[in-house]
Each structure stands twice: as structure tokens, then as C-alpha cells.
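Using the sequences plus the hints, can you model the full thing?
Residues per chain, in single letters:
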Amino acid sequence: MKCVEREQLFAYVHGMLEAREEGEIRAHVEQCAQCRSAVEEFRKLDAVLDEWQPTEPSPWFDARVRAAVAASEPPPARVFLGFEWGRWLAPALLVVLVVAGSLVVYRSRPQVVSRPTARQEAPKPAAPVPATPVSPVLPGEADELSLYQNLPVLEDYEMLANFDVLSELPKGEKKVAN
Amino acid sequence: MAIDHDLELMLRVRRGDAASFEELLRRHRLPLVNYFARMLRDQALAEDLAQEVFLRVYRARDRYQPEAKFTTWLYRIATNVALNAIRDRKEGSPRTGLNNEGQESEIETSTIADARPTAEQVLMQAERQRAIRQAVEALPENQRAAVILHKYQDVDYRQIAKILGVSESAVKSLLFRAHESLRGRLEPLLKEGQL
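Going line by line, the protein sequences match chains A and B.
Per numbering that gives the first Met the number 0, the first sequence starts with residue 0, numbered consecutively.
Per numbering that gives the first Met the number 0, the second sequence starts with residue 0, numbered consecutively.
What you were told as hints is all true, and nothing was included just to trick you.
Label-pair distances were calculated between CB atoms; the ranges are:
{"no.": "1", "chain 1": "A", "residue 1": "GLU21", "chain 2": "B", "residue 2": "GLY164", "range": "22 to 30 Å"}
{"no.": "2", "chain 1": "B", "residue 1": "ALA59", "chain 2": "A", "residue 2": "VAL104", "range": "43 to 51 Å"}
{"no.": "3", "chain 1": "B", "residue 1": "ARG13", "chain 2": "A", "residue 2": "TYR105", "range": "44 to 52 Å"}
{"no.": "4", "chain 1": "A", "residue 1": "ALA69", "chain 2": "B", "residue 2": "ALA67", "range": "23 to 31 Å"}
{"no.": "5", "chain 1": "B", "residue 1": "ALA17", "chain 2": "A", "residue 2": "PRO58", "range": "14 to 22 Å"}
{"no.": "6", "chain 1": "A", "residue 1": "GLU50", "chain 2": "B", "residue 2": "GLY164", "range": "27 to 35 Å"}
{"no.": "7", "chain 1": "B", "residue 1": "ALA17", "chain 2": "A", "residue 2": "TRP59", "range": "15 to 23 Å"}
With a Cα cut of at most 35 Å, we get these calculated DSBU-like pairs of lysine-lysine:
{"no.": "8", "chain 1": "A", "residue 1": "LYS1", "chain 2": "A", "residue 2": "LYS43"}
{"no.": "9", "chain 1": "A", "residue 1": "LYS43", "chain 2": "B", "residue 2": "LYS190"}
{"no.": "10", "chain 1": "B", "residue 1": "LYS161", "chain 2": "A", "residue 2": "LYS1"}
{"no.": "11", "chain 1": "A", "residue 1": "LYS43", "chain 2": "B", "residue 2": "LYS89"}
If you only want the chain B side, here are some residues facing chain A, beta carbon under 10 Å, derived:
{"no.": "12", "residue": "LEU54"}
{"no.": "13", "residue": "ILE131"}
{"no.": "14", "residue": "LYS171"}
Hint data in this document are derived by calculation from the structure and do not stem from the laboratory.
Backbone N, C-alpha and C define an ideal beta-carbon position, used for all residues, glycine too.
Right under this line is the structure:
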């Protein structure tokens, strides 16, 4: 039988072959001095490599691993009265802030006088009839109306009628202006 | 298929069992630190990187899927970390030099001292270990990783294929070529026949 390739002998020594192939090579090695010598070389090299002894980790190795693992953990949840406050407090505060902010914005809007509905306009049988007719007020007119009512100077129509800005100016200036 | 005890432990870690993580740490700290020490020739860096691997294992506990042996997954992480560290060091990291040499010879001496040999034997064995280390270190990265996993971490070639992301036949070839190189470099030790 032809000699086995060294790579096959290496695989044979290290148990990397299928059972059938391993049996064939074993049978050959028993009869072939050259292949048997190669097998011995591989085994001898293995024995030499075994001399490289392992080393022990330092005594604080485990403690360092534990510390690193602990440092990688998120902080533990704070449970009080069976509730994880730490977990839910921030979202709850956010919701409260959003609701409060919305309320503030809503209440700070300008007040709008709503137009009375037809149902509100309907005269009640028992109610006294007002002396002057109530005219419907549009929302945009409300502020303007109250402004005029609060300006006494506008009520003095006679004073306004006699007030002439041009009369205050000198005669010459009036001509230049013209 | 035999029950993978490590895999069961990892599944318990996924369920939040801290004691199971402690057991994984106890079972794998020695092989993992030695894997890095042999790959990188720096004990302090080896411990830092082993710690990094345990941390990655812990952080990945929720995503862990028991698709392969636990050690395959563990050494895949470790090998990536080791190869990155080797590349970083090649790019000029300061963690090389005489200190590492001195540190390792001290380690070699201390491990031998436990067997209580004579001073002459200590020196001789330290010299042999240094020669082995240098021979392994001279291998290309992939061959070095394959040899260390196969020879010292007790990982079989099928697992090594998954760890390195290559075919099984490629691993066989890697290991064979590595052993041929080692045989050439360690010829004086092989001729001495002293074990």
C-alpha cells in the first residue's frame, strides 16, 4: 500500500478522521515503519507543547469581573409601597406638566362674548320687557363698544364738534400748508 | 447529544440567576485568561481581555440563543477580542516590550516552582517553555488561534471552524501547517527528547 500523506497522518493522530478512514490508516501504520515514525513525531511534538504550563489569574480577577458587571447594570428600581416610583415618576410628571401647560394656555386666551342663541333670545313670558330694545352684539364689536362707552370725551359731542385743530395753528402756517 | 452544562448555566443567567454567572466565571476564568495569555504574551492584558469577554457574555444574556456549544460562542467572542488586540498592538500600542518579557518569564518560573524541581531544572524548563512560546507566537494569527484552541483549550476542530468562521477542512489544514512549522522551530527540543 502506498504511504499515507503527512496531513492524513496528522489528522489520524488528532482524531479528525471518520471511523472507516481511521481504521485503514491504523492498519497501514502498523505495517509501515516510515508512517509509524511520522506518527511518533507528531505525538512527540504534542508532548513538547504540553510543557507550556497554564498560569493562574490574579486573586482579584473575579472581584474585578463582578465590579465590571455591576457597573454595567442599570440602577435598581426603587419600590415603595409595592410601586416602582423611580420607573413611573418621570412619565407621570411629564403628563402633569403637559396638562397644566395646556390649561394655562387655554385660560389665557381673550374672552369671547358669544352670540346668544335663538333659545336665549326667546322672550320669557314672566320676564319684564326691557325699556330699550337689545341689539345683538357681534364678538368683534364687543371690545369696540366697551371702549367707546368708557371714553367720556367721546360722549361730549359738543366739545368735539367745536374742536378744530387748524384753529390752533398760526395764520401763516395755515397758508403754507395750503 | 450530551447536555451542555455551560449552556444550561447560561440559560439560567438569561433568567436572571446571578449564581449561575458566578459558576460560569469559576469554570472558565482559568482557560480564558490562559487563552489570552498565550495569544498575547501579556498576563495583565490577558486578564483585562478575559474580563471584557465575561462582561460581553453578561451583557448579551438576553439575546443569547443556544444554537451551538457554549464554549464555541465563548471562544468566538474571545478570539475576536484577541485578534483585535493583536492588531491594535501591531499598530503601535505601548503594551509590548521588555516588561512583558520580564513578566512572562516570572510567570513561567512561578508555575514551575509549584512542582518543586531543582534550580537547574527550573532554568531548563523555563528555557523550554520560552522556546515553545516563541515558536507558537511566530505562527500567523489564525494558525496560532487554531493551535491554542486545539491544544490548550480542548476545543475540537469542528468548533474551531465555527469560531474562526472557516470550513472544517480549512481548520485541519491550518492545524497541520502550524504543526509542521512548530516541528521545524522546536526541533532541538524534539531531539533532546526530554519531557
